[in-house]
Structure formats: structure tokens, C-alpha cells
Amino acid sequence: MSLALENPVARGAAGAPLLEVDGLRVGAGRFAAVDGVSFDIARGEILALVGESGSGKTATGRAILGLLPPGLVRTAGAIRLEGEDLARVTPDRLRQLRGGAIGMVFQEPMVSLNPALTIGAQLGEALALHSTLSPEAQRAAALAMLRRVRIADPEGCLRAYPHEFSGGMRQRIMLAAVMLPKPRLLIADEPTTALDNLAQAEILDLMVELARDNGTAVLLVTHNLGLVSRYADRALVMQRGRVVEEGPARGLLANPRQDYTRLLVSAMPQRLPRPAREPGEVLLEARGLVVEYPGRARLFRRLPGKRAVAGVNLEIRRGETVALVGGSGSGKTTLGRAVLRLVQPTGGRLLFRGQDITRARGDAFRDFRLACQIVFQDPYSSLDPRQRVGEIVAEPLRHEPGLSAAGKLARVAETFEAVGLPGMDGRLPHQLSGGQRQRVAIARAIVRRPELVVADEPVSALDMTVQKQILALIRRLQAERGFACLFISHDLGAVAEVADRVLVMENGVIVEQGARDAVFDTPQHPYTRALLDATPRLS
Amino acid sequence: MRVRLNALIGGALTVLVLGTAVLSAFWTPQNPLRIAMRARLNAPSAAHWLGTDEVGRDVVSRLMAGAGTSCLVAALTVVFAVVVGSLVGLLAGFARGWVDRLLMLVNDALLAFPGILLALGLLAVIGPGPWGIVLALGLAYTPTVARIVRGAVLSIREREFVEASRSIGNSEAYTMMRHVLPGTVSPLIVLATSLFGWAILAESALSFLGLGVPPPAPTWGNMLSAARPYLESASWLGVAPGACIALTLLGVNLLGDALRDRLDPRSQAR
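Protein sequences, first through last, are from chains A and B. Taking the UniProt record's numbering, the leading residue of the first sequence gets 1, the next gets one more, and so forth. Taking the UniProt record's numbering, the leading residue of the second sequence gets 1, the next gets one more, and so forth.
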């Protein structure tokens with residue numbers, strides 16, 4: 001299912017480009033977020049703007065619509081849509097263009113739809129502003145568009161509120177709302193970053209399909225090179241506010257000319273050989289594990305609960321990395337919490353070193369808790385913002401018996417060294433970058449030399465190059481220290497880099513498991529195949 | 001720039017009032033309690049800067065002493081409300097379940113009464129006096145503090161660093177004190193500042209109604225109350241304490257607003 005076909009519209013229209021950006025500069029004071037960027041987009045073309053956090057790609061996309069965040073201003077350059085300089089038009093004209101000629105899809109579907117209005121009202125809004133259709137015709141157009149984005153019950157959807165839909169559904173509705181007035185240019189800023197790979201592939205396939213049908217050009221702002229190679233005609237690589245390299249998407253990624261592009265390409269996850277080891281003894285075992293969340297209590301009855309984990313058997317051996325993959329809502333995070341008893345299982349048994357610890361209390365539970373640690377997904381919320389990172393990493397040692405104050409200091413320093421942050425212990429979390437914060441979180445997890453580390457999506461909030469470094473760090477630490485790892489992720493690319501074995505989870509049960517290469521090369525279950533297909537990669 | 005100016009004015013007024021309150025404990029121009037029946041209702045002069053009252057006591061001295069009483073009562077009230085309210089809010093927010101429901105039931109019942117009305121009722125039971133006021137006003141303000149702390153705790157306890165603290169083997173009590181409580185400090189500071197202003201106003205109102213600190217000890221409220229019959233002949237008697245109350249409230253509120261802008265994470269557009 002390759003959608004990155006040569007675009008007939010782009011090739012046909014040899015005339016003036018749809019959008020020209022010429023010498024754009026965006027900055028705050030003397031700092032330039034975008035520093036002299038020029039490019040153009042032909043009618044119907046899909047252009048990808050690629051870069052990491054801080055590269056200025058989002059500021060570029062927003063500057064086109066005049067929607068820069070407070071503090072940033074456009075200081076130089078021209079932005080011409082069909083010859084009309086958007087930098088010089090009146091605010092009224094710009095408002096006319098926004099949503100009419102130029103549509104925009106934002107990153108967070110949870111916040112970009114107004115929670116207080118029905119979907120119908122929000123779909124109608126854009127049409128009422130930018131077309132002269134009668135209300136009946138507007139409604140018909142809205143229904144047709146919802147059907148196009150494959151919303152199951154379009155009639156009901158018009159009456160529903162945003163909170164009644166999942167993230168993927170909301171992004172589809174958002175897409176419908178934006179495409180409804182048939183814009184000539186669609187700016188999509190990381191439209192699928194908050195979604196899992198399955199939803200991501202679905203949304204982007206739809207977006208490209210709709211754009212092709214309407215002849216809409218797309219500016220796809222993303223950090224994910226896999227998406228670029230799959231969907232874009234042309235790509236622009238940005239670094240620190242400048243364009244580093246530009247060219248046809250496929251060619252650029254296959255033969256990068258600049259060092260930075262090469263670095264980005266090499267940061268794409270690869271399947272690395274795992275060192276052969278004889279399997280250790282079983283460290284942690286779950287038998288028929290069930291986690292049920294109680295339903296909400298209503299006035300006279302209790303709504304049915306949700307079985308997040310519905311009878312899972314798994315075992316983790318000493319020193320191995322077991323990857324747990326699945327889409328959002330598959331129950332993988334709950335399972336990860338449950339094997340650490342951060343969430344109490346409601347059924348089944350949990351064995352640690354052969355001992356039943358499902359309901360253990362006191363010393364037995366304490367031993368287990370101290371031997372197992374967790375690294376969370378979001379390094380921005382997993383570190384207490386008021387503690388210095390040195391204190392954060394030292395905190396687990398409170399419970400380490402027989403360690404002197406000097407011993408603790410030495411252990412903390414040694415751990416900071418091991419995660420590649422020597423001498424950083426005096427900083428506060430907000431003074432560190434995302435990658436550095438995640439290193440601190442890893443340091444906290446390994447400082448007590450645990451036997452098992454559960455890593456819950458440890459890299460999905462990070463830039464590609466940083467992701468690569470963190471995965472390498474986890475691999476190295478594991479080789480040096482020999483802890484077992486339960487690596488939870490929706491991203492099969494990241495999993496391929498670190499896993500020995502893979503478990504695939506769907507709707508609370510494990511549908512497939514096996515050695516990494518077996519699962520990747522000969523997937524048995526349809527869900528596994530769907531996940532593999534949806535994984536962005538360079539092809 | 002406007003914010004800075006407001007903060008400066010607010011800070012200066014507050015420091016002035018608190019400074020006067022502290023100073024009055026050691027020195028006042030004259031003894032605020034000394035009665036001089038021959039110098040009744042004197043107009044402002046060099047000897048008495050703001051004149052004398054109906055029994056010849058020096059108004060400046062009484063204002064200063066009143067600042068001391070008012071600030072002490074207000075400060076103790078705030079401390080009482082913040083300590084009790086934080087404990088209740090922390091417990092309710094962290095324990096959840098029936099503990100939360102029970103505490104918040106009582107809390108909301110108390111919140112349903114206007115603070116001053118609640119304090120009036122409590123004072124009628126306890127009887128007037130500085131300690132009675134502290135207790136009554138403190139109890140009247142506790143529910144507000146408890147609500148705010150509970151809200152902050154509820155949002156912080158869902159953050160991953162709280163779960164991280166649990167996962168490294170810390171006890172619930174330690175997690176609560178070390179990781180959750182500090183997060184409630186900045187909203188509390190803002191609240192405490194405005195509570196201080198309310199408490200000064202409420203204390204004045206209660207004293208005005210005769211339920212506050214009993215005479216002869218001077219407070220701004222009972223000075224205002226005593227000045228009522230003489231407003232036409234000796235207006236300075238009413239104007240002086242009224243102006244003091246107004247300026248103090250202005251200062252404290254400006255300071256509170258400035259602190260909120262600085263500390264409230266929701267208005268953090270820095």
C-alpha cells in the first residue's frame with residue numbers, strides 16, 4: 001500500500017507555485033527561530049518539513065498563517081499564496097484565507113476541538129464562514145465528509161461532543177473539518193505524534209487521499225523520517241532555523257548529502273544483532289493475570305467495569321529484554337504497572353524468583369519492590385520539579401541498608417557517570433533537555449542495581465536522534481549490569497533495536513509471542529501484521 | 001511594568017503596616033490607654049497629630065496599637081486556617097474514598113455559610129476576645145484552604161513522579177510530605193496573602209459590631225465603632241481608622257495579586 005506515488009497534479013502544473021516562502025525570518029529579540037528559510041510548494045504537492053525539536057519547523061508552518069505564539073514575530077521575508085503576500089494583507093483578509101484557502105491540523109487532537117461544542121457545530125463553523133451554501137447543503141457536505149473519513153455513524157457524530165471519541169477518531173474529525181471548505185493548502189503540524197502507529201497510518205493515509213482528491217497541497221511538518229518517505233513528494237530538512245537540505249523525498253533519504261541529514265537517517269531504528277546468551281532462570285512470572293477497573297458508580301447501579309488485562313501469562317528471565325507491544329488501549333501499560341504491583345492485579349498470580357508475591361506484604365513485598373524499578377514515558381512529569389536531579393537519583397538509596405552517606409554519594413556519582421551525565425547532579429529537571437531528563441529517570445531506576453526494569457514507552461516522547469542515544473544507553477547498561485527489562489512500546493522500530501523476545505498485546509490479551517526475529521519476519525496474528533505494516537520506516 | 005509597580009506599592013504598604021504593628025509593641029507617641037478627660041475630642045495638633053478621642057486618648061497611639069492587635073489577630077487566623085486546612089485538604093486529596101467524601105461533606109457545609117456569618121455565630125458561643133476571634137475566623141477560613149489544597153493534591157498525585165516515588169519503595173506518608181505537599185505551597189502563599197486581608201477586614205467588622213477585641217484595647221474596628229456618634233463634630237476619629245483599613249487591604253491585595261502572577265502555574269507565560 002504505497003501512497004507515495006509520483007503526483008500527477010504536481011507534475012502537470014508547471015506554472016507558478018501555490019505558495020512561495022522567501023527569506024523567512026522569525027525570531028524573538030536577537031534569537032532567530034527561523035533564519036532565512038525559502039521554499040515553494042506546487043499545487044497538489046506534498047512537501048515535508050523535517051527536523052527535530054527547536055529546528056524551527058513548527059514556527060515556519062505557523063508563520064504562513066500568521067499564527068505565531070506570543071513572543072515570536074516574523075522579522076523578514078515574504079510569504080506569497082498565489083502571488084498574494086500574506087505578510088502584507090489586512091487581518092480581515094488573512095482571516096478569510098485561514099480555514100478557507102489554507103487549512104491547518106494541529107498536533108493535539110485532544111485540545112484542538114472545542115469540548116463545549118458538538119461536532120456538527122464545529123464542522124458547520126468553517127463552512128458557514130467560507131462558503132455560501134445553504135444550511136441543508138452544509139449539513140449534507142458535512143455528512144459526506146464524515147463518511148469519507150470513515151466515521152461509522154455520521155448522523156450521530158454531528159450531535160456528539162469531542163470527548164465521546166478516541167484520539168484517533170478526533171483527529172479524523174479534525175481532518176474532516178479542515179478539508180470541508182476544500183482548502184488549496186493544508187498545513188499539518190505533527191498531526192499524528194500523539195497517536196499510536198496504527199492510528200497514525202490510518203490518519204495519514206486518509207489525509208493524503210483527501211488531498212489528492214481535492215488537489216490540495218500539503219505541508220507536512222514532522223520529525224519522523226519514516227512518514228516522509230511514505231507520504232511526501234519532496235522534503236526539506238531543517239536544523240536550527242535553517243534549511244540544511246532539500247530534494248525529492250525518496251532520493252534525499254536514500255542518498256543524504258549533508259551530515260545532518262545522514263545523522264537523522266542513521267537515527268532510524270534498525271534491527272541490531274542481539275548477543276546470544278543462554279537463557280537465565282525465570283525471574284518474574286505472571287499466570288492468568290487480570291486487572292479490572294471498576295465501572296463508574298451511578299445512582300442506583302454500577303456501570304460495567306473494564307478488563308484492561310484479561311488473563312495474561314508471561315515470564316521474564318534474568319538478563320533478557322522482553323518487549324510488550326500494542327496500540328493505545330491494548331492494556332500494555334496497565335500490565336507493566338501490574339507486574340510491579342503499582343496497580344494491584346484483581347486476579348491471577350505473580351511470581352518473583354519462584355515466590356508468590358501477588359498479595360505479599362511486609363518484607364517479602366519490600367524485597368520485590370526494591371528489586372524492580374520503572375522508567376516512565378514522559379520525562380517531564382516523572383521527575384519532581386522541585387528536587388535537584390542528584391537528590392532524585394539518591395532517593396531510592398534511602399532504603400538501601402548498610403550504605404554510608406559517602407557510599408551513597410559515590411554510588412550516585414557513579415550512576416550519573418554511567419548514564420552519561422557526569423557532574424550534572426546539581427541541576428533542576430527543567431534545566432535539562434528531554435533526553436537528559438530521561439537519562440536521569442534511568443539513573444533513578446538503576447541506582448539500586450535492580451534485577452528487573454520496566455520501561456514504559458521510554459523513548460516515544462523524544463526526538464529521533466535522542467531516541468537512538470537512549471536506546472543505545474539502555475542496551476549498554478543492560479549488557480554491563482545484567483538486569484532484565486520489560487520494554488513497553490507501541491513503536492516496533494524501537495522494539496527491534498533492543499528486544500530479545502516480543503509479546504504482542506491486543507484488548508488485554510497476548511495474541512502473539514516469540515523471539516524477536518520470528519515475530520518480525522513471520523508474524524502469525526493479523527494484529528501483529530497490521531502493527532508491522534503501520535510502522536514507519538525508510539523503504 | 002504595571003505589575004512591578006503594583007507589587008511595589010502593595011509591598012510598601014504591607015511593610016509599612018507590619019512595621020508599625022511591630023513598632024507599637026515597643027513605642028507609641030503616648031500611652032494609647034491613658035485617659036485625659038480634659039482633652040476630649042481635641043482636633044489634630046502638634047501634640048496630638050490626629051487629635052484625641054471621646055475620653056482624650058491620643059488617636060495616633062491608638063491607631064498604632066490597633067495595627068498591632070489587628071495584624072496579630074489576622075496573622076494567627078491565617079496560620080490557624082492554613083495549618084488546619086492543609087492537613088484536611090492533604091488527607092482528603094490523598095486518601096480519597098470515604099475519608100475524602102466525609103471531610104468534604106463537612107467542609108462544603110461550612111463553605112455554604114458566609115465567613116463573617118459563621119464567625120459571628122461561633123463568637124456568640126465562644127464569647128468575644130482576641131483568641132475567640134482567631135478561632136472563629138480561622139474556622140471560617142479553613143474550608144477554603146482545604147478546598148484549594150485538596151485540588152492541588154488531586155492534580156499532583158496523578159503525576160508520574162508520585163508513582164515513581166512509590167515504585168522506589170517510599171511509604172505513602174513520605175511520598176505525601178516529600179513530593180505532594182511542596183507542590184501546594186505556591187497556591188497557598190497566594191491564598192494566605194489574601195486571607196490576611198480578609199481577616200483584617202473581618203476582625204474590624206466584628207469589633208465594630210462589638211463582638212471583637214473588647215475595649216479598652218484598641219483595634220481599628222472598635223475605634224471606628226466608638227467614633228460613630230462623633231462623626232459630625234470630630235470626623236478625624238472615623239476617617240483615621242477607616243483609611244488605615246482601606247490602605248492595608250489595598251496593600252495586601254496588590255501584593256497578593258503580584259504573588260499570584262508570579263507563582264500561579266496557570267498564569268505562567270514566562
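Please note: incorrect hints may appear among the correct ones.
Quick look at which bits of chain A chain B covers, simulated, 3 or more residues with Cβ under 8 Å [as the list claims (entries may be wrong)]: (1) 275 to 287; (2) 359 to 371.
Computed Cβ-Cβ distance ranges for the label pairs, DEER-style [as the list claims (entries may be wrong)]: (3) A:266 / B:262: 42 to 52 Å; (4) B:262 / A:30: 22 to 32 Å; (5) A:266 / B:95: 26 to 36 Å; (6) B:95 / A:402: 32 to 42 Å; (7) B:105 / A:292: 26 to 36 Å; (8) B:182 / A:410: 24 to 34 Å; (9) B:182 / A:266: 54 to 64 Å; (10) B:105 / A:71: 17 to 27 Å; (11) A:266 / B:102: 25 to 35 Å.
These aren't lab readings, by the way, just hints derived from the structure by calculation. Just so you know, even glycine gets a beta-carbon here, dropped at the ideal spot from N, CA and C.
Status of each hint after checking the structure:
1. 275 to 287: violated (count 0)
2. 359 to 371: holds (count 3)
3. A:266 / B:262: 42 to 52 Å: holds, 45 Å
4. B:262 / A:30: 22 to 32 Å: holds, 26 Å
5. A:266 / B:95: 26 to 36 Å: violated, 51 Å
6. B:95 / A:402: 32 to 42 Å: holds, 34 Å
7. B:105 / A:292: 26 to 36 Å: Given about 29 Å between the Cβ atoms, the range holds.
8. B:182 / A:410: 24 to 34 Å: About 28 Å separates the Cβ atoms of residue 182 (chain B) and residue 410 (chain A), which means 24 to 34 Å holds.
9. B:182 / A:266: 54 to 64 Å: Because 42 Å falls outside the window, the suggested range is violated.
10. B:105 / A:71: 17 to 27 Å: The hint (17 to 27 Å, Cβ to Cβ) is violated, given that residue 105 (chain B) and residue 71 (chain A) are roughly 46 Å apart.
11. A:266 / B:102: 25 to 35 Å: violated, 60 Å
In terms of the numbered hints stated before, the structure departs from hints 1, 5, 9, 10 and 11, listed from lowest to highest.
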